[in-house]
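Going down the list, the protein sequences come from chains A and B. If you count the first sequence from 1, position 427 lands on 446 in this note's numbering, and the numbers rise without skipping. If you count the second sequence from 1, position 30 lands on 25 in this note's numbering, and the numbers rise without skipping.
Hints are supplied without guarantee of correctness; some may be wrong.
[What the hints assert, rightly or not] Taking lysine-lysine pairs in the DSSO-like style, the calculated list, with each CA pair at most 30 Å apart, reads:
| id | chain 1 | residue 1 | chain 2 | residue 2 |
| --- | --- | --- | --- | --- |
| 1 | A | K135 | B | K22 |
| 2 | A | K310 | B | K198 |
| 3 | B | K110 | B | K172 |
| 4 | B | K25 | A | K135 |
| 5 | A | K42 | A | K452 |
[Claimed, not checked] For each label pair, taking beta carbons as the anchor points, the in silico distance ranges come out as:
| id | chain 1 | residue 1 | chain 2 | residue 2 | range |
| --- | --- | --- | --- | --- | --- |
| 6 | B | G164 | A | G322 | 49 to 57 Å |
| 7 | B | K244 | A | K135 | 49 to 57 Å |
| 8 | B | P192 | A | Q130 | 31 to 39 Å |
| 9 | B | E151 | A | S321 | 30 to 38 Å |
| 10 | B | K25 | A | S321 | 50 to 58 Å |
| 11 | A | T278 | B | T165 | 25 to 33 Å |
| 12 | A | T278 | B | L221 | 47 to 55 Å |
| 13 | A | A456 | B | V235 | 51 to 59 Å |
[To be verified] Which stretches of chain B does chain A cover? Using the computed rule of at least three CB atoms under 8 Å from a CB of chain A, they are:
| id | segment |
| --- | --- |
| 14 | 8 to 16 |
| 15 | 185 to 193 |
By construction, these hints were calculated from the structure, which means they are not laboratory data. Note that beta-carbon positions come from the ideal geometry of N, C-alpha and C, so glycine has one too.
Here are the chains, one letter per residue:
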Amino acid sequence: DYKNLPQRAPASIVVIDSKELEKYNSDWTGQYKGASRIVCRPQSTEEVASILEYCNKEKIGVVPQAGNTGVVGGSVPVHDEIILSVERLNEIHSFDAINGILQCGAGCILQTLQEKVASWNHLMPIDLGAKGTCMIGGNIATNAGGQYYYRFGSIHANIIGLEVVLPNGTILDLMSTNRKDNTGYDLKHLFVGSEGTLGVVTKVALNCPSLPSARNVAFLACNSFESVCQTLSFAKEELGEVLAAFEFMDKQVLDQVATEKTIPLKIRNENYNFCVLVETQGSNREHDTAKLESFLEQVMDSGHVVDGILAQDTKQVYEMWEIRESCNPIIKSKGYNYKYDISLPLSAYYDIAKKMRERLLPFPDVIVANWGHVIDGNLHLNIITPGNFEVDSQIKGMIEPFLFEYVVAQNGSISAEHGLGQSKNKYLGKYAKSEAAVTIMRSLKDSFDPNGIMNPEKFLPS
Amino acid sequence: MKILVGVKRVVDYAVKVRVGSHGVELKNVKMSLNPFCEIAVEEAVRLKENKGAGVSEIVALSIGPKQCQETLRTALAMGCDRGIHVQTDLRGDYMELQSDAVAKLFQKIIEEKEKDADLVLVGKQSIDSDCGHVGPMLAGYMSWPQATFAAKIDVEGNGLLVERETDQGTETIRIPKLPAVISCDLRLNEPRYATLPNIMKAKKKKIDTFQAEDFGIDLEPKNKVLEVFEPPARKEGIFVDDVNQLIDKLRNEAGVIP
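From just these sequences and the hints, can you work out the full model?
Now the structure itself:
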């Protein structure tokens, strides 16, 4: 019974059945589409509580939505659940520059926060390609990873406080500015990565590292994955504490990116098999430059790095990162994406790409493109059919369940950072967690959300 | 042909500058090669790579503190053969060292150290002082022909054909004989990245250092800076509810319609 909703949050509700709903119902990949007829855009935590209390009473399904940039269909309705967007909870409440703690609403766009916090000489602890659209509430709910995970740690490592509205409308105030607080079960960590199934994040208190005075980026070429791994070892050893990011891209993804962008590494007439982006961040320019030069000399001498460029100014830093961040959107634009995000030990990391190419030989048009946070053992494996935007069940059959079984055999993870949503929830018990673990997860879910209104048919196997 | 390229070390274009008690804050701020100088270096290297131009050597010149050596290393890594560093701790962003002194230092370097320089390439302006003076002033002091805001440079016989950008469109200038001074604009080229092998090679290239005071030039600023301040903060815009409110504001508040 939707009729009573408008009274609860009059200024915030979208006109039912409007064309505006289109963007809220469709996910970023274009592979998932809900049929919701209502979007609520509350402007305060109290309004969120009011909406959830009502929906809990009437047993109406609710899909919390932030930036809607997820790639596992977790942010759009499966049927006609109402959408609760946190976009208007976009106030920056405070920033403590001495302690490096930001307090803001869940609807703040990540890039906005990055710019604001930079003006106070600090950094957000995460950075991802979706920064211009994703919101911090969504980042929290999905335990977003990104390119600086190695340096700054996960959201879990950086969350200091949280305000959440529980499914029954109770406002759970876990906001705090204490870095150390061992008093009771640390509930906020349950909500981090819970993908909107336990409640709606409305406010966050986050640790912000200091802005580095020195930031250096190098774009390197390697001819084998073994060389990429050796270069990574050199990087950890030589760069030590100033190493901030280490990303890799293979020839297949770079060939696609090259159709729209100029790859910084102009390589005579050959294409290198792999490119690596290395970033250092530190507080002393001379110190970092000296370490970087030592690292670069060693990897060049060792023959593991066959070519490379070093950014000479900030413009070149942005250009190099743009190449890395373009991988996802450009691959998406080329054809249907069979998208995988896995964790693997380095020894098996690139083997899966080779195996997939072997298996897909009967489909000569298929491209297996790979990139990712190799330093975290996180691979973004994307199989595409250029020019064809329809899913092909034969191709899918060659990929699944082979890929998942391979990952399990390597003790890896079938979803490193993208989460489960409605795309991979069915695999939770089969390829990810034990029966005992899933049972406890279900009992937690039932305890928080007995009526099952929060993001139904997602995250846990339905 | 021997080319002399000016390379200036300036505040990186991406930095949000802040104004302190002595002008723009430079402490701990990221500095880089001036983008227009980078374009000048790229053009010099392209001329050298074009066998028809007959470029024998490219010398990069930088005036400033000891960190200018890093700026020179970037120019060397892009393809310059040698570097000259004129050392001074005077601020180059118009606060202390100004265009006239810089142009005269360039003149001294040419007359005393690089007599056979055929072409001076500079950026059209630096992004800290935004003056755009050094190119034209140097040409004046040397009595050499000049072409500023170059968007295209072609070798023609013993001289050069230069297309320059003006507000009315493109103007083509023929420089029948060298030596000459050319200042480089944005459309001239897209500078290359410094590759690792070239960065390593650049470490072995020669940089000669001279002291700015030793050239007998008055380095004192000819113009006095009275005040440096940030532009007033832009006021936030507001949303209006309907067209009538918009018209009311345009008419009565902004006063832009009758």
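Evaluated hints:
| no. | hint | verdict |
| --- | --- | --- |
| 1 | A:K135 x B:K22 | holds, 21 Å |
| 2 | A:K310 x B:K198 | holds, 16 Å |
| 3 | B:K110 x B:K172 | holds, 16 Å |
| 4 | B:K25 x A:K135 | holds, 19 Å |
| 5 | A:K42 x A:K452 | violated, 33 Å |
| 6 | B:G164 x A:G322: 49 to 57 Å | holds, 52 Å |
| 7 | B:K244 x A:K135: 49 to 57 Å | violated, 28 Å |
| 8 | B:P192 x A:Q130: 31 to 39 Å | holds, 36 Å |
| 9 | B:E151 x A:S321: 30 to 38 Å | violated, 48 Å |
| 10 | B:K25 x A:S321: 50 to 58 Å | violated, 30 Å |
| 11 | A:T278 x B:T165: 25 to 33 Å | holds, 31 Å |
| 12 | A:T278 x B:L221: 47 to 55 Å | holds, 54 Å |
| 13 | A:A456 x B:V235: 51 to 59 Å | holds, 55 Å |
| 14 | 8 to 16 | holds (count 4) |
| 15 | 185 to 193 | holds (count 6) |
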